[in-house]
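Enquirer: Here are the chains, one letter per residue:
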Amino acid sequence: DGGITQSPKYLFRKEGQNVTLSCEQNLNHDAMYWYRQDPGQGLRLIYYSQIVNDFQKGDIAEGYSVSREKKESFPLTVTSAQKNPTAFYLCASSIGGSHHSYEQYFGPGTRLTVT
Amino acid sequence: GQQVMQIPQYQHVQEGEDFTTYCNSSTTLSNIQWYKQRPGGHPVFLIQLVKSGEVKKQKRLTFQFGEAKKNSSLHITATQTTDVGTYFCASKAAGNKLTFGGGTRVLVKP
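Residue numbers (my numbering), protein chains in the order written: chain U, 1 to 115; chain Y, 1 to 110.
Hints are computed from structural coordinates only; laboratory data are not their basis. The reader is advised that the hints may include incorrect statements.
[Claimed, not checked] With a straight-line Cα cutoff of 27 Å, these simulated DSSO-like cross-link-like pairs (lysine-lysine) come out:
1) K92(Y) / K71(U)
2) K9(U) / K70(U)
3) K56(Y) / K92(Y)
4) K70(U) / K92(Y)
5) K36(Y) / K70(Y)
6) K36(Y) / K9(U)
7) K109(Y) / K59(Y)
8) K57(U) / K36(Y)
9) K109(Y) / K92(Y)
10) K36(Y) / K109(Y)
11) K57(U) / K92(Y)
12) K57(Y) / K109(Y)
13) K92(Y) / K59(Y)
14) K70(Y) / K57(Y)
15) K70(Y) / K59(Y)
Quick caveat: nothing in here was measured; it's all calculated off a predicted structure.
Generate coordinates for the entire structure from the input sequences, incorporating the hints supplied.
Expert: Below, the structure is given as structure tokens:
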């Protein structure tokens, strides 16, 4: 089956620890994205990548880092510098490039709780 | 940057009734996409509108793009409990990014 996987579904960490969230896709999509969603809120873009070995900051990149060493993988690290890391994190991908349709396909998400 | 605003933020609907949610922008949009997120789930793409005045239907859902391409609407007919969730509009921003609205949270009263 083609799709996007995120792991783990739930993640608990102590304050001050870095944590890396996994995102893998087998849709052969060029573009990948990370969003943060707080309870009852919309989606805010953290980082995005349009091609391997390249990524750009989104609207709320502070306290986060990413890498894009492989087309199918786009891991997100939540660092200790992120002041309010507890949230629902969603990874998405799209065909990207110059394709007319930019519909995004989302993974199931990871709920991160930091105490 | 480009922003899209959605109203209402919450919509309580009696089962069987119709309702409409709106997405507005102060700037001309190149396209508009709609997503649905069920409670506890992830957003799922519903549809994309590109042309001025475009109207598309999916069963009980009717999507419309305004003539000036600055607003869009989603109308649901005969609401069912399966319609519960949050509906987001989104529009293409610079590069391959999407700008999402804040969403309309729909609750259905049986």
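Enquirer: Under the criterion that the straight-line Cα-Cα distance not exceed 27 Å, is the pair K109(Y), K92(Y) satisfied?
Expert: Violated - the C-alpha atoms of K92(Y) and K109(Y) are around 34 Å apart, more than 27 Å.
Enquirer: Assess, step by step, whether the Cα of K92(Y) is no farther than 27 Å from the Cα of K71(U), and give holds or violated.
Expert: This hinted pair holds, its Cα atoms lying about 22 Å apart.
Enquirer: Is K57(U) within 27 Å of K36(Y), Cα to Cα?
Expert: holds (25 Å)
Enquirer: Is K56(Y) close enough to K92(Y), meaning Cα to Cα at most 27 Å?
Expert: Holds: K56(Y) and K92(Y) sit about 19 Å apart, inside 27 Å.
Enquirer: Taken at face value, is the distance from the CA of K109(Y) to the CA of K57(Y) at most 27 Å?
Expert: holds (24 Å)
Enquirer: Please verify whether K36(Y) and K70(Y) have alpha carbons no more than 27 Å apart.
Expert: holds (21 Å)
Enquirer: Compare the distance between the alpha carbons of K9(U) and K70(U) with 27 Å, and conclude whether the hinted pair is satisfied.
Expert: holds (22 Å)
Enquirer: Taking only the CA atoms, is the gap from K36(Y) to K109(Y) under or equal to 27 Å?
Expert: Roughly 19 Å separates the two Cα atoms, so the pair holds.
Enquirer: Has the given pair, K70(Y) with K57(Y), been kept, meaning a C-alpha gap of at most 27 Å?
Expert: Within the cut-off at roughly 20 Å; holds.
Enquirer: Under the criterion that the straight-line Cα-Cα distance not exceed 27 Å, is the pair K70(Y), K59(Y) satisfied?
Expert: holds (25 Å)
Enquirer: Mind checking the alpha carbons of K109(Y) and K59(Y) for me, to see if they're no more than 27 Å apart?
Expert: holds (21 Å)
Enquirer: Does the structure keep K36(Y) and K9(U) at a Cα separation of 27 Å or less?
Expert: holds (20 Å)
Consistency note: the structure conflicts with earlier hint 9 alone.
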